[in-house]
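Q: With the hints as constraints, model all of the structure from the sequences given.
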Amino acid sequence: LEIPGNLGTLVRTLDACGADCLVLTNRRTRLTHPKVFRGSHGTTLNVPTVEFDEPAEAIAWLKGLQCTVYLADTDDAVAYRGADYSGRTAIVVGSERFGISAEYYRHGFTCLRIPMLGRGDSLNVSVSASVLLYEARAHKNGW
19 LEIPGNLGTL VRTLDACGAD CLVLTNRRTR LTHPKVFRGS HGTTLNVPTV EFDEPAEAIA
79 WLKGLQCTVY LADTDDAVAY RGADYSGRTA IVVGSERFGI SAEYYRHGFT CLRIPMLGRG
139 DSLNVSVSAS VLLYEARAHK NGW
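Residues are numbered in this note's numbering as their position in the sequence shown, beginning at 1, plus a constant of 18.
Hints in this document: simulated from the structure, not taken from any laboratory. Where a beta carbon is used, it is the ideal one built from N, C-alpha and C, also for glycine. Just to be clear, a hint being listed does not mean it is correct.
[Stated by the list, open to error] Pairs of lysine to aspartate or glutamate, EDC-like flavour, derived with a Cα cap of 16 Å: (1) Lys158 x Asp102; (2) Lys81 x Glu121; (3) Lys158 x Glu69; (4) Lys53 x Glu20.
[Said to hold, decoys possible] Computed Cβ-Cβ distance ranges for the label pairs, DEER-style: (5) Pro52 x Leu83: 28 to 38 Å; (6) Val96 x Pro52: 30 to 40 Å; (7) Gly112 x Cys39: 10 to 20 Å.
A: See the structure below:
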């Protein structure tokens, strides 16, 4: 993510839904940026963060943890409500400008889409992440 407020909102959502950690690659915004801290309401201090220089390193780490990896994308995607979130789950979102790194697509991960009923073609990245994170949490907790 590039916009500090979006990163802060994402961290706040990760904390609120009880996610294990935030994984960052190719970081363009530092977690110590005042807007990140303000957007997170201080939860940057609570959410563990794992950083990798390259997406390939993050992918190897997630595979080593036997995570099911989902990409938040609208192309060739399945509806997010139909995904299997029962095991270890990682949800990948991309930057506001460039989207998800091409490296993730080379691994055949499933893409998830959030239906868009209006005229817009996408949601804000932190809003999309929030929808997907809470859906995963709902499945894990049986809500």
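Q: Is 28 to 38 Å right for how far apart the beta carbons of Pro52 and Leu83 are?
A: Between Pro52 and Leu83, where Cβ atoms are some 32 Å apart, the hint holds.
Q: Take a quick look at whether Lys53 and Glu20 sit within 16 Å of each other, Cα to Cα.
A: Satisfied, since the Cα-Cα distance of roughly 12 Å is no more than 16 Å.
Q: Does the beta carbon distance between Gly112 and Cys39 stay inside 10 to 20 Å, or does it fall outside?
A: holds (18 Å)
Q: State, for the Cβ atoms of Val96 and Pro52, whether the hinted interval 30 to 40 Å holds or is violated.
A: holds (38 Å)
Q: Between Lys81 and Glu121, does the CA-CA distance stay at or below 16 Å?
A: At roughly 14 Å apart (the allowed maximum being 16 Å), Glu121 and Lys81 satisfy the hint.
Q: If you draw a straight line from the CA of Lys158 to the CA of Asp102, is it 16 Å or shorter?
A: Between Lys158 and Asp102 the Cα gap is close to 10 Å, so the pair holds against 16 Å.
Q: Can the restraint linking Lys158 and Glu69 be considered satisfied, given a maximum Cα separation of 16 Å?
A: violated (25 Å)
In summary, the one numbered hint that this structure violates is 3.
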